[in-house]
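Participant: Numbering (the UniProt record's numbering), first residue to last: 1 to 279.
Wrong hints could be hidden among the right ones.
Straight-line alpha carbon distances no greater than 20 Å define the calculated EDC-like cross-link-like pairs of lysine to aspartate or glutamate that follow [to be verified]: (1) LYS228 <-> ASP210; (2) LYS201 <-> GLU256; (3) LYS201 <-> GLU231; (4) LYS228 <-> ASP90; (5) LYS201 <-> ASP182; (6) LYS201 <-> GLU235; (7) LYS201 <-> GLU171; (8) LYS228 <-> ASP216; (9) LYS228 <-> GLU190; (10) LYS201 <-> ASP23; (11) LYS201 <-> GLU190; (12) LYS228 <-> GLU256.
Simulated restraints on C-beta separations [as the list claims (entries may be wrong)]: (13) GLY145 <-> GLY261: 47 to 53 Å; (14) VAL96 <-> GLY130: 42 to 48 Å; (15) GLY59 <-> ARG137: 33 to 39 Å; (16) VAL277 <-> GLY144: 25 to 31 Å; (17) PHE111 <-> GLY144: 46 to 52 Å.
No wet-lab data here; the hints were simulated from the structure.
The beta-carbon is built from N, C-alpha and C at its ideal position, and this holds for glycine as well.
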Amino acid sequence: MIEISNFSFQYREGATPVVQGIDLAIPDGAFVGITGAAGSGKSTLTYALNGIIPHCYPGDFYGSVVVDGLDTCDVALTDVSRLVGSVCQDVDSQFVTSVVEDEMLYGLENFGVPRDEIEGRLEQALDDMGIADLRDRTITSLSGGQKQKVAIASILALNPRVLVLDEPTAELDPASSRSVFDLLARYAREHGATVVVVEQKIALLSQYADMLVIVDEGRIRFADAPAKVLEHSGELERIGVNCPRSTTLMNRLRAEGLYQGPSVRNVREAREALEEVLA
1 MIEISNFSFQ YREGATPVVQ GIDLAIPDGA FVGITGAAGS GKSTLTYALN
51 GIIPHCYPGD FYGSVVVDGL DTCDVALTDV SRLVGSVCQD VDSQFVTSVV
101 EDEMLYGLEN FGVPRDEIEG RLEQALDDMG IADLRDRTIT SLSGGQKQKV
151 AIASILALNP RVLVLDEPTA ELDPASSRSV FDLLARYARE HGATVVVVEQ
201 KIALLSQYAD MLVIVDEGRI RFADAPAKVL EHSGELERIG VNCPRSTTLM
251 NRLRAEGLYQ GPSVRNVREA REALEEVLA
């Protein structure tokens with residue numbers, strides 16, 4: 001369980017809080033998508049979940065962030081990192097070695113994983129991400145998308161209870177993005193883990209998330225099931241969140257009394273809804 005209560009944070013060099021009065025409860029095993037316009041406070045929220053705030057970024061912290069019973073302010077960052085696996089938006093900043101295999105081994109060895117388990121975990125994570133062929137490559141030789149996959153694999157190998165990923169598919173094509181989300185959803189199901197993903201691609205998020213959180217100017221504007229949030233496509237567009245065109249179309253038809261069903265998330269659902277309307 002993740003419980004965020006009246007959380008606000010202002011970076012030391014900042015003039016105003018980046019996030020303000022955040023209240024959010026995330027149940028165990030949930031897949032949560034967070035999105036919003038650039039600069040809305042999404043990344044700051046993830047920094048609070050993985051303990052980077054307040055342990056690495058100085059500033060004024062108000063309220064509380066509790067992950068699986070641990071108040072992230074009251075425990076060491078190492079304790080939080082054993083519980084929360086994180087993939088940063090800038091993946092280069094989190095690599096500590098120069099070769100893919102060494103990067104995978106670094107976390108496993110530092111977390112004290114038994115030696116007879118290490119090889120199995122390493123191979124499984126590489127296979128799951130479809131990057132077994134990159135095992136002996138230097139990280140500097142990889143593309144942006146390959147680096148993202150290596151970063152995700154190195155965290156999955158640690159079997160964290162909570163996964164927090166900031167723009168994990170920014171460098172990936174649509175097919176690879178769906179593959180990553182398929183893997184994250186499967187990981188959540190099989191391990192009972194909580195997955196929190198910051199992502200600009202709201203159409204992709206809405207396909208997988210149990211809860212969609214919209215952040216606007218440091219505050220949570222919506223936090224609900226994707227279909228419920230997408231009902232507000234007009235307001236979402238006004239605050240800089242680009243909804244799928246199919247969603248906007250069906251919401252307009254609903255406003256005109258021509259459609260009574262739930263908000264759609266993609267073209268397939270829109271086609272099915274239109275067929276029902278025209279039947």
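Participant: Decide, hint by hint, whether the structure agrees.
Facilitator: Do the hints match the structure? See the list:
no., hint, in the structure
1, LYS228 <-> ASP210, "11 Å, holds"
2, LYS201 <-> GLU256, "27 Å, violated"
3, LYS201 <-> GLU231, "17 Å, holds"
4, LYS228 <-> ASP90, "31 Å, violated"
5, LYS201 <-> ASP182, "15 Å, holds"
6, LYS201 <-> GLU235, "17 Å, holds"
7, LYS201 <-> GLU171, "12 Å, holds"
8, LYS228 <-> ASP216, "17 Å, holds"
9, LYS228 <-> GLU190, "27 Å, violated"
10, LYS201 <-> ASP23, "23 Å, violated"
11, LYS201 <-> GLU190, "25 Å, violated"
12, LYS228 <-> GLU256, "18 Å, holds"
13, GLY145 <-> GLY261: 47 to 53 Å, "36 Å, violated"
14, VAL96 <-> GLY130: 42 to 48 Å, "23 Å, violated"
15, GLY59 <-> ARG137: 33 to 39 Å, "38 Å, holds"
16, VAL277 <-> GLY144: 25 to 31 Å, "42 Å, violated"
17, PHE111 <-> GLY144: 46 to 52 Å, "27 Å, violated"
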